[in-house]
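S.K.: Using the hints, position chain H against chain Y.
In order, the protein sequences belong to chains Y and H. My numbering applies: residue 1 is where the first sequence begins, and numbers increase by one. My numbering applies: residue 1 is where the second sequence begins, and numbers increase by one.
If you're looking for bench data, these hints aren't it; they were derived computationally from the structure. Just so you know, these numbers come straight off a predicted model, no measurement behind them. Among these hints, one or two may not hold up.
Chain copies aren't distinguished; within one or between two, either way the pair holds.
[Stated by the list, open to error] Calculated lysine-lysine pairs in the BS3-like style (CA-CA distance at most 25 Å, straight line): (1) K511 - K521; (2) K488 - K592; (3) K93 - K115; (4) K592 - K492; (5) K521 - K488; (6) K658 - K592.
Protein chains: 2
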Amino acid sequence: MSSHPRTLLRVVLLLVTPTLLFAQTPAAPAHPLDALTGPEYWAIYDVLRDSGKMQPGTMTTSVLLHEPAKDKVLAWKPGDPVFREADVILLHKGVTIEALVDVANRKLESWKERKDVQAPVLESEFHELDEAMKKDPRVIEALKKRGIVDLAPVSCFADPFSYFALPELEGHRIMMGGCVNAHGVYLSWSRDIPGLQIKVDATDKKVLQVVDEGITPVSQAPVNYQELALAPRTGTTPIDISQPIGPSFQIKGSEVSWQNWRFRFRLDPRVGAIINLAGIQDSGRFRSVLYEGSMSELYVPYMDPALNWANRVFIDAGEFYATGQTLKRVRADVDCPSNSVYFDSVSADEHGMPVIHPQVACLFESYAGDPGWRHFEGHQLSGSGARVLVLRTAAVIGNYDYVLDWRFERDGNLRVAVGATGIIETKAVKAKDASESSGHNTAGASDEFGHFVAENTVGVNHDHFFSYRLDIDVDGVNNSFMPMRLVKRELKNPMRKSIWVAEPSVARTEKEAMMDIHLEKPSMWHFINPNVKGPLGYPTGYELMPGTTAASLLDPDDGPQKVGAFSTHQLWVTPYKRDEFYASGIYPIESKGDDGLAVWTKSNRPIENTDIVAWYTLGFHHVTRAEDWPVMPVMWHDFVLRPFDFFPENPVLTLPPKP
Amino acid sequence: MSSHPRTLLRVVLLLVTPTLLFAQTPAAPAHPLDALTGPEYWAIYDVLRDSGKMQPGTMTTSVLLHEPAKDKVLAWKPGDPVFREADVILLHKGVTIEALVDVANRKLESWKERKDVQAPVLESEFHELDEAMKKDPRVIEALKKRGIVDLAPVSCFADPFSYFALPELEGHRIMMGGCVNAHGVYLSWSRDIPGLQIKVDATDKKVLQVVDEGITPVSQAPVNYQELALAPRTGTTPIDISQPIGPSFQIKGSEVSWQNWRFRFRLDPRVGAIINLAGIQDSGRFRSVLYEGSMSELYVPYMDPALNWANRVFIDAGEFYATGQTLKRVRADVDCPSNSVYFDSVSADEHGMPVIHPQVACLFESYAGDPGWRHFEGHQLSGSGARVLVLRTAAVIGNYDYVLDWRFERDGNLRVAVGATGIIETKAVKAKDASESSGHNTAGASDEFGHFVAENTVGVNHDHFFSYRLDIDVDGVNNSFMPMRLVKRELKNPMRKSIWVAEPSVARTEKEAMMDIHLEKPSMWHFINPNVKGPLGYPTGYELMPGTTAASLLDPDDGPQKVGAFSTHQLWVTPYKRDEFYASGIYPIESKGDDGLAVWTKSNRPIENTDIVAWYTLGFHHVTRAEDWPVMPVMWHDFVLRPFDFFPENPVLTLPPKP
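Excised from the complex, chain Y in its bound form:
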């Protein structure tokens, strides 16, 4: 705890750039969508403390900016008062409490006990449950049976259920896990003690049940990758990126200007970077593209019915963001190049007091050596190199690291990319290797539900599904979603029997806008402004172009899939609602799937020529391989918002050849 003055979005200037001035962000917010500042967290703290409602032991699990209604934000002008509210989630003796605080006026607006939901899990719950489990005689006995009497390197963990997994969860904050033995290693990933399952009540910190299936030795797979970098391999000559007179972007508060792009961003404790008011400065006027964009949720179901594995389904952002925050530190040279500037973020700790997280985002111009456009003919090779502005954060949720990019390109593209790296979850098995399955993951073998990555160590099959919330506002608030289907047409032509034609049609309701990718039935996903025509008579628009992605293979009525139901379709479109932010709902822990995208869209609301929000599912299945061990190379997936009849012509022609 500390009461030193705090700054939000403090720019860490690693590169001395004498010609550029970065504004120090003020302690008070300059815009209604700015992140909560240190003083604001303290104001919220004071309002709650002075409300008379806080009791000893009431924990703060979440303090988030409650965004003002969109019309208020759009009407706001610099100099106007900045209206500020905060959503607070508290936890008191297993009961979740929602509080809404008027920050600017230091007033508690509402206070509501919610017995039907579970607050996100806290770091202190993990610690207290660890202690409780390690004191339980049944656990001590089970460990002793395995020859483990030194409990210093042992920790016991219990994860919340990200879905309503068992009837007994009703009204109880129950978690399930086991123990790990980190003896001999730095980190305990892969050191699960197999065959031991512990069920706990997280409110009473009581062990409810210990299941011991018998002894399988803890994996001894080598994992000390951390020390290898001390003596790195040689033979790599230096490569340097430099910008001798500084970057081309300007930062003013939380607003970024770069080439013809303008956008704001804040670093939210739950979903990470939130992009706001992104658009194009076009001949002196600002043209909106994206009112708001963020990763909304993250669904990671594992695919093993074994003890301690059937329940491994994570709705990562919603379950775990209260353990610090979703974003973690990024590192110069590793995550971000030397021409980056860095940003800190602030979140509330378990007492509601602000904590600075240094260097959790970077912003840089990237030039990979690629062309942006080119044509060669006759004597002329025209073109120019491609430069991209990257806003990068990294979400680290336990074992996995996700590199999360918003990449602004000069041709008007906005690319969203996810790089998955970090450590896979593994299961210790008795078999040493894949000999028993003849190397082919056969049924009944130790690698039936995964793949050996080291001796006695199986990386378990799983999925990753991200839901991106994209409040698209092309040239204004009212937009339509217009899928353009490519449909085969038979011809009576002496030379051709068939062609395809593009058939655009405007989706009237949410159900018409649920899109699945089929190669044999291709469609393009256009977001248009039916009220604004470009010079050629088409509505101005942006297209959402999917990258490689995946659809969930689970039963729709399976518990996990009801909460991760956004993974059923690759695209959803909803009308804008101020409180629809999280694709799996606000409270995924023990959820029955009664909140979120699949629930909201059941009423099949109209979405034509109104304020609409797109939800893109970026997913991939993961069968692990030896090369994912002990830490994975980054695997990237992305999608693109690209202008489609937004500009009257290619907007990059006037760029110099040099990137």
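M.R.: Leaving out everything else, chain H in the frame of chain Y:
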């Protein structure tokens, strides 16, 4: 014409790198898979001239290295004689002649007249047909009707048919086209004179038919993008990539060493860069991955049944490579960064004499600022930046520019990327804009088969399909293709109803290996060596991971689709045959689809535990947009070969944090 000494693969060193030595490539080949050298082209020229078989007017359409049988190449050692043959295609009075020349021994091995095929089109045919058309009274009359009497800026073009489009093609070299009027512009793209179609006999240089459908004015859409760069927009600060002590790769002849990668490449006049003998240097021994990889063919069908459009279907490499060669110049800063080295190529002209094409490939290390791997936990953020070695060429086939990359990554990935840019093909229409279709491409409107990109100018719908030939040799020649299907399994578990499991199965025959992408039926495409097991008991392997791609929507029995039939599936696997190189066959012009991937695989040959070749189809549909005019931003597509149980663990852990 010139008889100065020529060098092959001359390295243009733009960056002074005192510590590195780039070998000057010798005039004689150093390896059986090296490109034909200047002296070798002359040897072939002499053998043909002295054979007594060449007649006045016999044109050389193609001189390509005839690759030695694979077993001979693999058995070859430095110091052994380099066995060299060349395939020559000649054209004499409409008759195609195939000659095989023993280059090293200066001997004509075979000479065969082929009346059933058409040689690739020559630049001189274009010129002579242009002249013939512009002299034809019917053409002159049709132009006059349109007010065009100044024929200096007019050129008339005729393209070959890339498939057997009409019965009258039988035994004749017939082409079809029209005229363009480049008055007022630098290049004639978009300046088609609409409504005028000319059919010609390319052998006799005779106009066979002139169809005049009536007058539509030539598009006047602005296209002078070439001059814009003279006064580029300001506001972009410099960004520099530098390697002060030079790149980390070494080049010895046509062999490249970089980190643990080793490979050779040559620049082939028909298919461009051919990668050979790519593999990993692993603890002192070379482990093969890819015996050979190249873009094999390129199929671009347009989707408009109109006059002069129904026939626009291009099998680009096979039809047009004789007009110079497929690859064209790349430019520093635009196509390749400042730390690149450049390579020339050599092809034969229409007399069989060698021509140097300067600077058609570049090789560079790319660092975009991205992480290669990372994990953050506790006090440590481990990881390292990602550096990639890129071999880049650009194929320019008329209007389109394709940037073709082979990207070697340090984690063992080999990424193949295609960037499409250049100029779209447009059709002039009477309607000024999309008002008549209410902006929605309605049936019967001018934009029914495309999209307005400028006034009176419609970019016509089309597809791009690339077939990549990948002779994968994981740890040796004999491999198997093992699709791993992810299949849902119902569970009887109190907590879960369903999971998926991975079900690998070895494909026994070509038909079992025809793969289509379905999100609801996902599969992973593994190429394994069943004879080599990794330390965990799995066969060593590489996985082919598709990127976003497309499948053809055309009727399988449609003429164009029979020639571009490789686009029916996203993956094919064949047994290695020395002469199966081109996915649409050797002679696509006027082809009935009787050669190529779809034909070879009809016999459903066995492919298990033998020398196999993978054929990946990279495709995309293209509906044009205003931003594609007058020249397109680059759109990238890619796929990856990635190690799957090839290494015992992640091979990049020992890299230093700095990229």
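S.K.: For each hint, tell me whether it holds in the structure or not.
M.R.: Do the hints match the structure? See the list:
For the identical chains of this complex, K511 and K521 are neighbours both inside a copy (18 Å) and across copies (23 Å), given an alpha-carbon limit of 25 Å. In this homomeric assembly, K488 and K592 come within 25 Å of each other (Cα to Cα) only across copies, at 22 Å, whereas the closest approach inside a single copy is 42 Å. Taking identical chains as interchangeable, the C-alpha atoms of K93 and K115 lie at most 25 Å apart only when both belong to the same chain, with a minimum of 11 Å there against 90 Å between chains. In the homo-oligomer, the alpha carbons of K592 and K492 lie at most 25 Å apart only across protomers (19 Å), although the nearest pairing inside one protomer, at 55 Å, exceeds that limit.
Taking identical chains as interchangeable, the C-alpha atoms of K521 and K488 lie at most 25 Å apart whether they share a chain (9 Å) or sit on different chains (23 Å). For the homomeric pair K658 and K592, neither the shortest alpha-carbon distance inside one copy (55 Å) nor that between copies (46 Å) is at most 25 Å.
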